[in-house]
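Please put together the full structure from these sequences, using the hints given.
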Amino acid sequence: MIGAVLAGGYSKRTLIDKLFYPVDGKPLILYPVEQLRKVRGVVKVVAVASYRSANHLNDLGIDTVIDTLLIGPLGALYLVLRMFREVVVVAGDMPFISSRTIERIIELCSEEYDACIPMWSDGYVEPLCAVYRQGFLKAVEYGLERSVFALHKLIPLAKVFRIPIEMVSENPGREFFNVNSVEDMLRLRDIDRV
1 MIGAVLAGGY SKRTLIDKLF YPVDGKPLIL YPVEQLRKVR GVVKVVAVAS
51 YRSANHLNDL GIDTVIDTLL IGPLGALYLV LRMFREVVVV AGDMPFISSR
101 TIERIIELCS EEYDACIPMW SDGYVEPLCA VYRQGFLKAV EYGLERSVFA
151 LHKLIPLAKV FRIPIEMVSE NPGREFFNVN SVEDMLRLRD IDRV
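Residue numbers (full-length UniProt numbering): 1 to 194.
Derived from the structure by calculation, the hints contain no laboratory data. Keep in mind that a hint or two might mislead.
[As the list claims (entries may be wrong)] Lysine to aspartate or glutamate pairs mimicking EDC-like chemistry, simulated, CA-CA at most 20 angstroms apart:
{"hint": "1", "residue 1": "Lys159", "residue 2": "Glu107"}
{"hint": "2", "residue 1": "Lys159", "residue 2": "Glu86"}
{"hint": "3", "residue 1": "Lys153", "residue 2": "Asp114"}
{"hint": "4", "residue 1": "Lys159", "residue 2": "Asp114"}
[What the hints assert, rightly or not] Label-pair restraints from in silico Cβ distances:
{"hint": "5", "residue 1": "Glu170", "residue 2": "Ala150", "range": "25 to 33 angstroms"}
{"hint": "6", "residue 1": "Tyr124", "residue 2": "Gly61", "range": "32 to 40 angstroms"}
{"hint": "7", "residue 1": "Arg82", "residue 2": "Gly61", "range": "22 to 30 angstroms"}
{"hint": "8", "residue 1": "Gln134", "residue 2": "Leu186", "range": "34 to 42 angstroms"}
{"hint": "9", "residue 1": "Thr68", "residue 2": "Ala150", "range": "16 to 24 angstroms"}
All values reported here derive from a predicted model rather than from experimental measurement. For every residue, glycine included, the Cβ atom is placed at its ideal position computed from N, Cα and C.
This is how it looks when you write it as C-alpha coordinates:
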(Lines of atoms letter the chains of each structure in order from A and count residues from 1; the text may use other names and numbers.)
(Lines give C-alpha, C1' and ligand atoms only; values in the text may rest on other atoms or scores of the structure.)
Protein backbone atom coordinates (compact mmCIF):
# COMPACT_ATOMS: atom_id res chain seq x y z
CA MET A 1 0.00 0.00 0.00
CA ILE A 2 1.10 3.56 -0.76
CA GLY A 3 0.68 6.41 1.70
CA ALA A 4 -0.33 9.66 0.00
CA VAL A 5 -0.31 12.97 1.82
CA LEU A 6 -2.56 15.54 0.17
CA ALA A 7 -0.43 18.68 0.07
CA GLY A 8 -2.72 21.15 -1.65
CA GLY A 9 -0.52 24.16 -1.05
CA TYR A 10 -1.47 27.82 -0.80
CA SER A 11 -4.55 28.33 1.32
CA LYS A 12 -7.12 31.00 0.54
CA ARG A 13 -8.22 31.00 4.18
CA THR A 14 -4.78 31.30 5.79
CA LEU A 15 -3.18 33.27 2.92
CA ILE A 16 0.02 31.22 3.24
CA ASP A 17 1.15 27.71 2.41
CA LYS A 18 0.00 26.34 5.75
CA LEU A 19 1.71 22.98 5.25
CA PHE A 20 5.07 24.60 5.89
CA TYR A 21 3.87 26.46 9.00
CA PRO A 22 6.22 25.50 11.86
CA VAL A 23 4.67 23.50 14.70
CA ASP A 24 7.11 22.69 17.51
CA GLY A 25 9.98 23.51 15.18
CA LYS A 26 9.00 21.48 12.14
CA PRO A 27 6.66 22.01 9.20
CA LEU A 28 3.04 20.98 9.70
CA ILE A 29 3.17 18.48 6.83
CA LEU A 30 5.89 16.43 8.49
CA TYR A 31 3.49 15.24 11.20
CA PRO A 32 1.21 13.16 8.94
CA VAL A 33 4.19 12.10 6.78
CA GLU A 34 6.04 10.74 9.82
CA GLN A 35 2.96 8.87 11.03
CA LEU A 36 2.37 7.30 7.60
CA ARG A 37 6.00 6.15 7.50
CA LYS A 38 5.38 4.17 10.72
CA VAL A 39 2.34 2.30 9.36
CA ARG A 40 2.81 -1.43 8.80
CA GLY A 41 2.21 -2.32 5.18
CA VAL A 42 2.83 1.16 3.77
CA VAL A 43 5.80 0.63 1.45
CA LYS A 44 6.16 4.20 0.22
CA VAL A 45 4.92 7.65 1.23
CA VAL A 46 4.42 10.43 -1.30
CA ALA A 47 2.98 13.92 -1.14
CA VAL A 48 0.69 15.06 -3.93
CA ALA A 49 1.69 18.69 -4.44
CA SER A 50 2.00 21.53 -6.91
CA TYR A 51 5.24 22.26 -8.73
CA ARG A 52 5.58 25.24 -6.43
CA SER A 53 5.68 23.07 -3.29
CA ALA A 54 7.53 20.06 -4.71
CA ASN A 55 11.07 21.40 -4.30
CA HIS A 56 10.47 22.32 -0.67
CA LEU A 57 8.93 18.91 0.01
CA ASN A 58 11.88 17.18 -1.65
CA ASP A 59 14.21 19.24 0.57
CA LEU A 60 12.30 17.78 3.54
CA GLY A 61 12.92 14.26 2.22
CA ILE A 62 9.38 13.75 0.96
CA ASP A 63 8.85 12.17 -2.47
CA THR A 64 6.28 14.02 -4.53
CA VAL A 65 3.69 13.33 -7.17
CA ILE A 66 3.13 16.56 -9.07
CA ASP A 67 -0.48 17.69 -8.97
CA THR A 68 -0.98 18.75 -12.57
CA LEU A 69 -4.73 19.21 -12.13
CA LEU A 70 -4.68 21.63 -9.17
CA ILE A 71 -8.38 21.16 -8.41
CA GLY A 72 -8.10 19.93 -4.84
CA PRO A 73 -8.33 16.52 -3.17
CA LEU A 74 -10.37 14.91 -5.95
CA GLY A 75 -7.69 15.69 -8.52
CA ALA A 76 -4.94 14.48 -6.19
CA LEU A 77 -6.81 11.23 -5.56
CA TYR A 78 -7.33 10.77 -9.30
CA LEU A 79 -3.58 11.10 -9.92
CA VAL A 80 -2.52 8.61 -7.23
CA LEU A 81 -5.19 6.06 -8.14
CA ARG A 82 -3.97 6.18 -11.73
CA MET A 83 -0.46 5.36 -10.44
CA PHE A 84 -1.13 2.95 -7.57
CA ARG A 85 -3.59 0.12 -6.96
CA GLU A 86 -4.28 0.97 -3.34
CA VAL A 87 -3.58 4.12 -1.30
CA VAL A 88 -4.18 5.40 2.17
CA VAL A 89 -4.57 9.16 2.01
CA VAL A 90 -4.08 11.65 4.80
CA ALA A 91 -4.54 15.40 4.56
CA GLY A 92 -1.31 17.31 5.02
CA ASP A 93 -2.96 19.56 7.59
CA MET A 94 -3.81 16.81 10.12
CA PRO A 95 -0.99 17.13 12.68
CA PHE A 96 -2.47 14.79 15.29
CA ILE A 97 -3.37 11.74 13.23
CA SER A 98 -1.58 8.67 14.58
CA SER A 99 -0.04 5.71 12.84
CA ARG A 100 -2.26 3.46 14.97
CA THR A 101 -5.43 5.12 13.66
CA ILE A 102 -4.22 4.84 10.07
CA GLU A 103 -3.37 1.16 10.64
CA ARG A 104 -6.82 0.57 12.07
CA ILE A 105 -8.48 2.04 8.96
CA ILE A 106 -6.36 -0.27 6.79
CA GLU A 107 -7.10 -3.32 8.99
CA LEU A 108 -10.85 -2.75 8.77
CA CYS A 109 -10.80 -2.27 5.00
CA SER A 110 -11.40 -5.69 3.48
CA GLU A 111 -10.68 -6.28 -0.20
CA GLU A 112 -14.37 -6.18 -1.14
CA TYR A 113 -14.51 -2.38 -0.74
CA ASP A 114 -13.45 0.33 -3.18
CA ALA A 115 -12.89 2.70 -0.26
CA CYS A 116 -13.00 2.72 3.53
CA ILE A 117 -13.77 6.06 5.14
CA PRO A 118 -14.19 6.96 8.83
CA MET A 119 -17.64 8.30 9.66
CA TRP A 120 -18.91 10.26 12.66
CA SER A 121 -22.16 9.29 14.38
CA ASP A 122 -23.94 12.21 12.65
CA GLY A 123 -23.04 10.81 9.21
CA TYR A 124 -20.19 13.24 8.50
CA VAL A 125 -17.31 11.42 6.80
CA GLU A 126 -13.54 11.95 6.83
CA PRO A 127 -12.62 11.31 3.17
CA LEU A 128 -9.19 12.92 3.59
CA CYS A 129 -8.03 10.17 5.94
CA ALA A 130 -9.13 6.99 4.21
CA VAL A 131 -8.21 4.00 2.09
CA TYR A 132 -8.99 4.06 -1.63
CA ARG A 133 -8.58 1.38 -4.27
CA GLN A 134 -8.69 1.55 -8.04
CA GLY A 135 -12.34 0.50 -7.97
CA PHE A 136 -13.08 4.01 -6.65
CA LEU A 137 -11.50 5.55 -9.75
CA LYS A 138 -14.78 5.33 -11.69
CA ALA A 139 -16.50 7.48 -9.06
CA VAL A 140 -13.61 9.97 -9.18
CA GLU A 141 -13.80 10.14 -12.99
CA TYR A 142 -17.56 10.68 -12.75
CA GLY A 143 -16.90 13.62 -10.41
CA LEU A 144 -14.24 15.09 -12.68
CA GLU A 145 -16.47 14.81 -15.77
CA ARG A 146 -19.36 16.57 -14.01
CA SER A 147 -17.36 19.05 -11.88
CA VAL A 148 -18.46 17.35 -8.66
CA PHE A 149 -15.28 17.92 -6.65
CA ALA A 150 -16.52 17.03 -3.15
CA LEU A 151 -15.40 13.48 -2.35
CA HIS A 152 -18.28 12.87 0.06
CA LYS A 153 -20.75 13.36 -2.81
CA LEU A 154 -19.13 10.50 -4.75
CA ILE A 155 -19.35 7.90 -1.98
CA PRO A 156 -22.75 6.54 -3.12
CA LEU A 157 -21.23 5.71 -6.53
CA ALA A 158 -18.86 3.04 -5.18
CA LYS A 159 -18.71 0.22 -2.67
CA VAL A 160 -17.59 2.13 0.41
CA PHE A 161 -17.29 0.96 3.99
CA ARG A 162 -18.18 3.83 6.30
CA ILE A 163 -16.19 2.92 9.39
CA PRO A 164 -17.64 4.20 12.69
CA ILE A 165 -14.96 6.64 13.79
CA GLU A 166 -14.81 5.27 17.33
CA MET A 167 -13.61 1.96 15.84
CA VAL A 168 -10.43 3.62 14.55
CA SER A 169 -9.59 6.26 17.16
CA GLU A 170 -9.88 6.71 20.90
CA ASN A 171 -9.68 10.48 20.48
CA PRO A 172 -11.17 11.35 17.08
CA GLY A 173 -11.81 15.01 17.91
CA ARG A 174 -8.08 15.49 18.30
CA GLU A 175 -6.80 13.09 15.66
CA PHE A 176 -9.09 14.31 12.89
CA PHE A 177 -8.48 18.00 13.67
CA ASN A 178 -7.30 19.78 10.55
CA VAL A 179 -5.96 23.29 10.07
CA ASN A 180 -8.40 25.42 8.09
CA SER A 181 -7.79 28.96 9.34
CA VAL A 182 -5.30 31.30 10.94
CA GLU A 183 -7.14 30.68 14.22
CA ASP A 184 -6.52 26.93 13.85
CA MET A 185 -2.84 27.61 13.23
CA LEU A 186 -2.65 29.69 16.39
CA ARG A 187 -4.49 26.96 18.34
CA LEU A 188 -1.67 24.56 17.46
CA ARG A 189 0.57 26.52 19.82
CA ASP A 190 -1.73 25.67 22.73
CA ILE A 191 -2.29 21.99 22.04
CA ASP A 192 0.18 19.57 23.57
CA ARG A 193 1.36 16.82 21.24
CA VAL A 194 1.23 13.62 23.26
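Which numbered hints turn out to be false for this structure? Of the numbered hints, all hold.
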